[in-house]
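Here is how the chains run, residue by residue.
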Amino acid sequence: MIKNKNYILRGGRVVDPSRNVDGVGDIGVCDGMICSPEKLQGAEIIDVKGLVVTPGLIDMHVHLRQPGQTAAETIATGTRAAAAGGFTSIVSMPNTNPPADSSDTIEYIRRHARTDGVVKVLPCGCMSKGLKGEEMAPVGSLKNSGVVALSDDGRCIQNHELMLHVIQYAKSFDLPILDHCEDEQLTCGGVMHHGEWSALLGMKGVMSASEEMMVARDIIFSRMADWKVHIQHISTLESIELVRNARKRKLRITAEVTPHHLALTDEKIKTFDTNFKMSPPLRSADDRQAVLTALKDGTITVIATDHAPHTETAKLVEFDFAPCGIIGLETAIPVCFTELYHSGILSLSELIAKFTTGPAEVLNIDAGTLAEGKPADITLIDPELEFTVDKETFLSKSSNSPFHGTKVKGKAISTIVDGKFIYRDGTLVG
Amino acid sequence: MTEKQLLKSDSDVKTAIAKVAATIVNDFKQGIIDNFVLVGIQVHGVSLAKRLIIEIEQQCGHQAPLGTLDITMYRDDIGIRRMLPIIRETEIPFDINDCNVILVDDVLSSGRTIRAALDALNDYGRPLKIKLAALVDRGNREYPITADYCGMELRVENDEKIIVELNGDEAEDSICKAAWSNRLIANDGTLI
Amino acid sequence: MSITKNVKWSKKDLLSIYDLTAEEINIILDTAEEFKKVSQRNVKKVPALRGKTVVNFFIEPSTRTRMSFELAEQRLSADIINISASTSSLKKGETLLDTVRNIEALQADLIVMRHSAPGAQSFIAKHVSAGILNAGDGAHSHPTQALLDIFTIREKKGSLKGLNVSIIGDIVHSRVARSNIWGLLKLGANVTVAGPSTLVPREFEKIGVRVCHNREAALEGADVVNLLRIQHERQRGGFFPSIGEYSRFFGLNADAAKYLNPDALIMHPGPINRGVELDSSLADGPQSVILEQVTNGLAVRMAVLFLVAGCLEK
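Chains as they are written, first to last, in this note's numbering: chain A, 11 to 440; chain B, 134 to 325; chain C, 136 to 449.
One or more of the hints may lead you astray.
Stated by the list, open to error - The calculated lysine-lysine pairs, modelled on PhoX-like cross-linking and capped at a C-alpha distance of 25 Å, are: (1) Lys325(A) / Lys261(C); (2) Lys292(C) / Lys393(C); (3) Lys280(A) / Lys393(C); (4) Lys180(C) / Lys262(B).
The set of hints was computed from the structure by calculation and includes no laboratory data.
Keep in mind the model is a prediction, meaning the values are calculated, not measured.
In isolation and in its complexed conformation, chain A is listed as follows (with noise of 0.2 Å):
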């Protein structure tokens, strides 16, 4: 705990997308917010040589699991394994028991996270109603009640006339779309990846087509509505295609791709553990190769965890019946150093404002940077520390990760929010 407000992060390589830094540099922190080192004359002086300091790290894809299935997660422990992870802002799904569809919701998440939250809780409005896709949720009410997004994530809105009314209305109250794309109709059942490998595992596959319909649903209305619609992990080459024409025609689209599906290929199914099991479901090795080169040419500007959360019971069942989703806050910033800037695919300031500037653009919030006079939300990345990940060591609720086990280099090891270490050398401290 740190008591006095005031201190200087000294010695730090300094890599700050947002005014396109990176360098050795000091930090300053006056209370609670950036502020020029010179300015903090006798304030306490924190040696960070040999770690990365970046802006707090915003994850804008989080299944916290409150209310309603709270055995999974909560808010508190969401939070806390986020600061684990090195992120200062998540984007909380509205998936939850009741949906985030009404301003009462909202409000019962936003006092939990005020109350029990250790990091900052951006939460995310549906699209529809009840998620159905039948009708218009109240996204005026939601705005007003504090959300910064929409999204049926979990579902998508098969009903492309109310979808390009959702799109148009949003605009009304800048609230960027974030969408999953899944033509349900092309979804059959599937419980991995259509191809190779679930030719060999007999198993049914989830078409590439249910997404790539979708992203180009989108596309042409977000081209309609002339507002910002954003593809949540973007999973298939096609989609990745459509996205890279998209914005190269300067439409409003970006896309966010999770450390799985980067990191990670179907092969995997054939272990058939459940912890290989999400939605969009892991994709061929030519698809990944797809995020890859995405994630280079800045066609995808975000990475997002989507940290789902399942009790060890409700995924230690047959394959078939085992619900989508892992959790990724813990591993993220581990398996990206490992996947995309220890490999050199990224550079550093490359990697880090997928984590900074790409989702505070999408998002449009004041947060992602470590400009004076901004927020101190501030993460401290070892990029050079080796560890095997262990389930057992997760501060999440649940321990559902297909990255147990696997050996990983870099790991955020200390978060500030508003000035404040909550995270502190490896350990929770607030």
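Guided by the hints, dock chains B and C onto chain A, whose structure is given.
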């Protein structure tokens, strides 16, 4: 394989085989076991049986038919000992009903193998008599079983095993002892 | 018998052919050869699994496979319990793992299991110490069927190496096809899968299987043809227009059989739709080994029960 120590050399082994054959021939001549067949227990009993057949023919001109018997399916220790359940060929090319069977194994010890072999033989029919021939009796009996025709007695420690190698004309025969290893063994004594 | 000195069988479960090495497949086939002789004796029973408890846990209906396993267990002198979906507590909402743990608590040594979900047995095997034998998991795997098919081919042809084996029918939904493909490839056969393109995914080419959609091309030069049962529900699923059309273009009849090598074997995992995927004249003809497959299935199942029982931790 662990280190072996030679107990009996080529000429000793050949003498012992001849002795076993001679006692069988003696019984045959006295009419105790007319019309007999040899059934070798897989794996080393089979090579001994083949050698006995040659020896018996040389001694009295009688050509005894050969059968082979694998007793793995009849063991009482599957899943108790870490025995690899490898089954070798059982080939009984004659009707054993009303016939005199001489069971052949290289080493007689606890008697459990012979007990299993008797069970197995019973499933093929009802022989007139079953006799037992062994090259080595090493004691340590756990069943009331004894060899009718025996080449020699050898005493070794409980944690040692006897390895009979019959190579015939190709190489020298030998009997050695070696320590039981902790490694897995197949039921023919082969170290895996 | 082709057992080498350094054979190794160390698996407590039989989950899929994909998991087996060529050597392990050969151990099973060699062992099955000896068990086949047991079935030809007057006394057809051995005490190998005396005192062992085997549970046949079928969460999907089965007649043939279950009968074959049950007889195999009886011939090995095991104690047998049969549990089927209707009598199991799965309907009461118990999880599969809990049900199996309850079965295991009754000191079951081996569990023969059929389930509609691919990988269900692999999942269970990781969590229990009883040996698990897969008797079919969805469209994924049916290892004993493939082993008995391969045993039958080996018995008739001596070796699998270089043989041309064609599997014709509903490949995409067939665990028999998948298991056969892996086993045949591991033993060096040339494998062709054929049928309408809605039922035969091209993805199999990636593992070295020839994929074709023309019956005559699949039959030409084949040493073995294995016909798969066509389920009537596939027609309703829109995979082909009618049973009649399927039969006309993809069924094996006397005219089509002329393309086969003269001494080719005709196989079918049963039950046969006579006149659909296979004409009666051929099913009952001299090239057919369909009933021998059933006989061999018993020997193969005795062999795998015996082998895995020898690897249980005590």
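Legend entry - Violated hints - listed by number, lowest first: 3
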